[in-house]
Amino acid sequence: MDSRRTPRTVIDPKVRHVGFFAPPDRANSGQTDPISTSSSPSPPAADISPSGNSLSPVMIPPPRQSSDSRPIPLVHHPASPLRRESIPSGSSYNPSDFFAPATSPTASSSFASMTAVGGYGESSDDVVALSPGRAVRGGSFRASASSSFPGGGFDLTALKASSVPASELTTVSVVNMPPVIAEKAGGASVEMQNNRTANLKPAKEKTTKAERRALQEAQRAAKAAAKAEGSKLLGGGSSAVTSVNVKPVKGTKTASQKNDSVSVAASDKKVGDRLAEKDRKKEVPQPRMQYDDKSRVDKAKRRAVVNQTEARNRVELFRHLPQYEHGTQLPDLESKFYQLDHVHPAVYKVGLQYLSGDVSGGNARCIAMLQAFREAIKDYLTPPKKNLCRDLTAKISSYVSFLIECRPLSISMGNAIRFLKSRIAKLPLTLSESEAKALLQSDIDRFISEKIILADKVIVKHAVTKIRDGDVLLTYGSSSAVEMILLHAHELGKQFRVVIVDSRPKLEGQLLLRRLVGKGLNCTYTHINAVSYIMHEVTRVFLGASSVLCNGTVYSRVGTACVAMVAHALRVPVLVCCEAYKFHERVQLDSICSNELGDPDAISKVPGRVDLNSFDHLASSEKLQLLNLIYDATPSDYISMIITDYGMVPPTSVPVIVREYRREHLWI
Amino acid sequence: MWRRSASFILDNQQRRKDVASSSKPESISLSPPQLSSMADAFQNPNSSNPKNSAYYQTRAAHHGVVTSDWLAQAQAAVGRPPDDQASSEPEVPAAAAAASEPGRPFCVIDEFNNWRKQPDLAEAVAAIRALATVIRSSEATTMMELEIELKKASDSLKSWDTTSISLTAGCDLFTRYVTRTSALEYEDFNSAKSRLIERAEKFGEISYKARRIIAMVSQDFIFDGCTILVHGFSRVVLEVLKTAAQSKKLFRVFCTEGRPDRTGLRLSNELAKLDVPVKLLIDSAVAYTMDEVDMVFVGADGVVESGGIINMMGTYQIALVAHSMNKPVYVAAESYKFARLYPLDQKDMAPALRPIDFGVPIPSKVEVERSARDYTPPQYLTLLFTDLGVLTPSVVSDELIQLYL
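First to last, the protein sequences are chains X and D. Per the numbering used here, the very first residue in the first sequence carries number 1; after that it's consecutive. Per the numbering used here, the very first residue in the second sequence carries number 669; after that it's consecutive.
Don't read these hints as lab results, they were simulated from the structure. There's no promise every hint is true.
Some chain D residues flagged as far from chain X (calculated, every beta-carbon gap over 12 angstroms) [stated by the list, open to error]: (1) 974; (2) 1034; (3) 1065; (4) 1066; (5) 1067.
DSS-like, lysine-lysine: derived pairs with alpha carbons at most 25 angstroms apart [to be verified]: (6) D/941 <-> D/917; (7) D/877 <-> X/461; (8) D/861 <-> D/917; (9) D/785 <-> D/917; (10) X/461 <-> D/941; (11) D/1033 <-> X/461; (12) D/917 <-> D/870; (13) D/861 <-> D/910; (14) X/385 <-> X/349; (15) X/494 <-> X/506; (16) X/461 <-> D/861; (17) D/861 <-> D/819; (18) X/385 <-> X/461; (19) D/917 <-> X/494; (20) D/916 <-> D/870.
We put the CB at the ideal spot given by N, CA and C, even for glycine.
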C-alpha cells in the first residue's frame, strides 16, 4: 500500500454530521452527476445531443428549504459543485438569464437573500425585475422542466397545448415552452424570446383577479394532465433516446423516471405543501431594505415620519445602506410631536433618545424599547371591530418602523421584537383584553430580567473564573457586560490591571475609564492606534458584542475586529461576552452587506482643533466621500471563546445555542 | 486484556534484566527507589502526599507505571495475595471509614475503591458504578432526598480526587443523565426509583462498553500499511490497535517513550505481544520521525468544551508537529471524559503534579516543571473517536450543551 496516500481521503465520509449540515443528497443525485459532467465540459456535444443539452440553460437555483415541496427534483442538486460553476455561465447566456429566477418561484425570495452571501452576483438583479417571469409560475415551470427531459420534450408540449382548456393565457405560457427548447437545442434565438416577453407582458397587465384565478386553475389542470401523460410518455421517450446516445442517457433514464414518480407524488401533497410553504416564508426573515433600490426607497419615504435628507456624497460601496444627513431630523421630529398621534408617547420618547444618542449600547437600547412597548401595551385599547392580536401586532410594527427611522435596529432589538410578536400571536383567544395585556406585560418584564439582566449576571460569574491574579485585561470601547465583569472581579479582590482601548469619534472608553477608576481599578487608557504596542503585555482580551452570528462572526463596534486580530496574532486569548438573546441565525462574512453608517461629519471634525478642521471647504466636493461605519464583523478565527448565559462556548457552537434558544423561545 | 498478572511481571523482570545488562544511562532511572509507593494510590491522595497530585497517583496505580517499586509491590502481591488485600483495606481514607462505621451502612468511597480494584475498569466507570450503587442502596423516600443523596455522594467522589478530569466529568454526567429523566411523571416513588436505577445501570453499561465501541468505530481509519504514532499509554488506544491487529490489518506503530512514567514502554510491550511491529522513540524524536507517520493516535484524560483535549504531557507538542506536517491527529476518548472545562491556555487549569526522576540529583536551586499533562487546542486535532461516534472537535461542545442545558 502506498504509505504516502493522503489519509484525509479516508476521513471524509466517516464524519458524523451533527448540528447544521447540508441536506443529504437526493437519491437521484448520483445518477444525475454523470450527465452534467458529461455535458458541461463539452459544449459542442451539448448542441448535438438533446439529453445533455436539456440541462445547461435551465439553471434552477435550489430552493433553500427544499425537500418535497420542490416541484421536480431537478437534475441538479444543491451539493453538486458543478452548479456553482454553471450558474454564472448560465446567466451570461441570455435566455437562462431570464429563466433562472423565473423557474423557481418558491426560491426566488430565498435566492435573493442567498445572493447576498453566495457568489451569484449577476443573476440577483433578475430576481427583482421578474414580473413577466412570475406569470409563468408553478405550472409552466413544471412543464418546462419536464419537457426539457430528453425525448419526451417536444411531443409533450404539443400534447399539453392540446390538453389545455380554453384560456388563452395558459396556452401562452405553455406554448411558450418550445422556444425555450429550441434555444436549448439550437442556441440563442433571441427574437423568439423577445416575442414571448412581448406576448406575456400585456397579458399580465390586463388580468383581473378573477382572470388570474381562472388562469391558475387552468394551469393546475394542465399540469395534472401533463403529468399523467408525461409519466406514460417519458418511459417510452427515454428508451427512444437510448438508441441515440448510450452513455449519458443511462443516467437520464433513471433520473427522469424517478422524477416522474416524485412529481406525481408531489402533486398529491401540493396543497399541504403550499400552506407549509407560506408558513416557512413567514419564518424566513424579510430581506433587508436595500437603499439603492429606488422604488422601495421612495415608497418608504412616503410613509416616513421623520424627514430625512439624503447625504450628498454617498459612499459608493455602501449605497445599499441608509445614508442621511445627521442632525437635521431631531428638530423636525420635535416639531411634529402633536401630529404624530399614532405613535405612543413612550415610544416617541425612546425614538428621540435614539436619535439624539442619549440611549446607546445594545442592552440599553433594547431595554428602553421593550419598556416603551410595555407602556404602549398598557395604554392600548382594542379598537371596535378589531382583533387584539392582529391590531396590536400592526401597532407594534408601526412603532418599530418609527424607531427604525430614528436609528436602524440592532440585531438584539430585532430578536426582542420577534419575541414580542410571537407572544402576541400565541395569545390564547379566550383571554380577555385586560388579561392579555397583563400577560404580555409580564412577558416583557420576564424577557428583560431573564434574558438581559440575569444573563449578564451569569456571564459575569463565568467570566470571572478566567481572570487570574496578575492578569492584564484589555477591553475595547465600552461594553456593559465587560464593565460588570471587571467590577465584579475587583470586588472579589483579584489583582489585575485593565487596558482600555478607545477610538474616535465616540470615545466611549473614556466613560468606562472614569467609572472604573472611580471604583479603584488600575487602568491604562490608550487609543486603538497603539493596540499593537500595548498588546504585548496583555494576557486576556475581553470584548463586548452587538451580536454573534451563526458562523461565529462577532458583529460589534467598529475597531473590534482590529483589536481581535492583533490579539490573535500575538496569541492573546480573546473572550467575547454576549448574551444569548443577541445571537442571530444570519451568516455574514464581511461588514459591508449589513452595517450602520454614522454621521460622516463626526470623523472629519475634531473638536477643539481648528487647525485640523480644514475639511469644511471640501465638504461639497464630489470627490470626497466620508465613511463612518458603526459596526464591523470579527471572523470567528480570532475568537477563543464566547461567554454567554449558557456558559463558555467556542464560536463554533453558536448555531447550537441558536437552535436550543429558539426552542426555549417558544416555551417561555 | 491486561491484568496485573504474573506474566506481565515476568515480562518486566525480563526486560529489567535486559536493561540492567545493557549499561545505558536510562537504566539508572528505572532503578532508583521511589518512596511514594503504589499503596499510596489507595490512600486519599489529598491528604497523603501534597506534593504529588492525586491524578498522578491514581494514574500510576491504574496504568501501572513501570517503576521498580511497582514491580516489587506487584511481586509481593502475587506472592501473598491476601496480605495485599489486607494491607490496602485499612488505608481507605479515615474519614470515609469513620463515616461508614457508625450509622451508615454504605459509603461511596468504599464502593468506588472496590470497583477500582478491577484493573480494567476506568476510574470514571468505577465512579459511575459506585454512584449507581448509591441509588440502589439509598433509603430515601422522596425524589428530592434521593437527588440530594446522589449529589452528596458525587461530591465526595469528586473531592476524593479533584485533579482527575474524567472522575469529575463522569460523576457530573451520571447525575445529569440519571436525574434528567422524567422521573417526576411517576406517581409512585418506588417505580421512579427503579427507573433511575435502570438508567444508572444503562449508563454504567454504556460507559463500560465505550471502549469497545470506540475500537469498532475507529477501525475504518486504520488502513493497511499505515504507520501510527502513539503517545503514552491509553487503554482505549490499546484496544483500538488490538482490534485492528485482530482483524488482520497490517500496520506499524511508533511508540514514544513517555518520560518520566515510561508509559510508552508499557504500550510497546503490549503491542509486541500482539505481533504488531513496534518502534520505540524517545520523546524528542517525534519531529524526526513524523514524515514517516501517517496518523497520530492519542488518548485523553479529558475532553474539554472547546473540543481540545487534556492529556499526558507531550501531546500538545506532538499535535503541533503533526499539524505542521499535515498529519491527522486522532483522539480516542470515551464520552464520560467530556468535561465542562474551557482552558484558554496551558496554565489555565488545575495543575496535576508528579515526581520527575532525572536519574541524577538536581540542585535545589533548579526548578523542575512537574506538571503531568497539557492542553491541546482543538485546531490541532483532526477527529475524536468517541462512543457517540466519530466527531469533529467542534461537536464536543454541541454534545455538552445538549447534555447540560
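(request) Take the C-alpha atoms of residue 861 of chain D and residue 917 of chain D, compute the straight-line distance between them, and say whether it is at most 25 angstroms. (result) Roughly 46 angstroms between the alpha carbons, so the hint for residue 861 of chain D and residue 917 of chain D is violated.
(message) Check the hint pairing residue 385 of chain X with residue 349 of chain X against an upper bound of 25 angstroms on the C-alpha distance.
(response) Roughly 30 angstroms separates the two Cα atoms, so the pair is violated.
(request) Quickly compare the C-alpha distance for residue 916 of chain D and residue 870 of chain D to 25 angstroms and report which way the hint goes. (result) Distance ~32 angstroms between residue 916 of chain D and residue 870 of chain D Cα, so the pair is violated.
(request) With a cut-off of 25 angstroms on the C-alpha distance, tell me whether residue 877 of chain D and residue 461 of chain X pass. (result) 37 angstroms, violated
(request) Compare the distance between the alpha carbons of residue 494 of chain X and residue 506 of chain X with 25 angstroms, and conclude whether the hinted pair is satisfied. (result) 30 angstroms, violated
(message) Just to be careful, I want the Cα atoms of residue 861 of chain D and residue 819 of chain D compared with a cutoff of 25 angstroms; is the pair within it?
(response) Measuring from Cα to Cα gives roughly 15 angstroms; hence the hint holds.
(message) Hinted pair, alpha-carbon criterion (25 angstroms max): residue 461 of chain X, residue 941 of chain D. Please report holds or violated.
(response) Measuring from Cα to Cα gives roughly 52 angstroms; hence the hint is violated.
(message) At 12 angstroms, judged by beta carbons, does residue 1034 of chain D keep clear of chain X as stated?
(response) 24 angstroms, holds
(message) For residue 917 of chain D and residue 494 of chain X, compute the direct alpha-carbon distance and say whether it is at most 25 angstroms.
(response) Given that 25 angstroms is the threshold and the Cα spacing comes to 56 angstroms, the pair is violated.
(request) Sort out whether residue 917 of chain D lies within 25 angstroms of residue 785 of chain D, counting only the CA atoms. (result) 33 angstroms, violated
(request) Confirm or reject the statement that residue 974 of chain D sits farther than 12 angstroms, beta carbon to beta carbon, from all of chain X. (result) 5 angstroms, violated
(request) Measuring Cβ to Cβ, find out whether residue 1065 of chain D lies farther than 12 angstroms from everything in chain X. (result) Since the minimum Cβ distance to chain X is about 4 angstroms, residue 1065 of chain D lies within 12 angstroms and the statement is violated.
Of the numbered hints listed earlier, those contradicted by the structure are 1, 3, 4, 5, 7, 8, 9, 10, 11, 12, 13, 14, 15, 16, 18, 19, 20.
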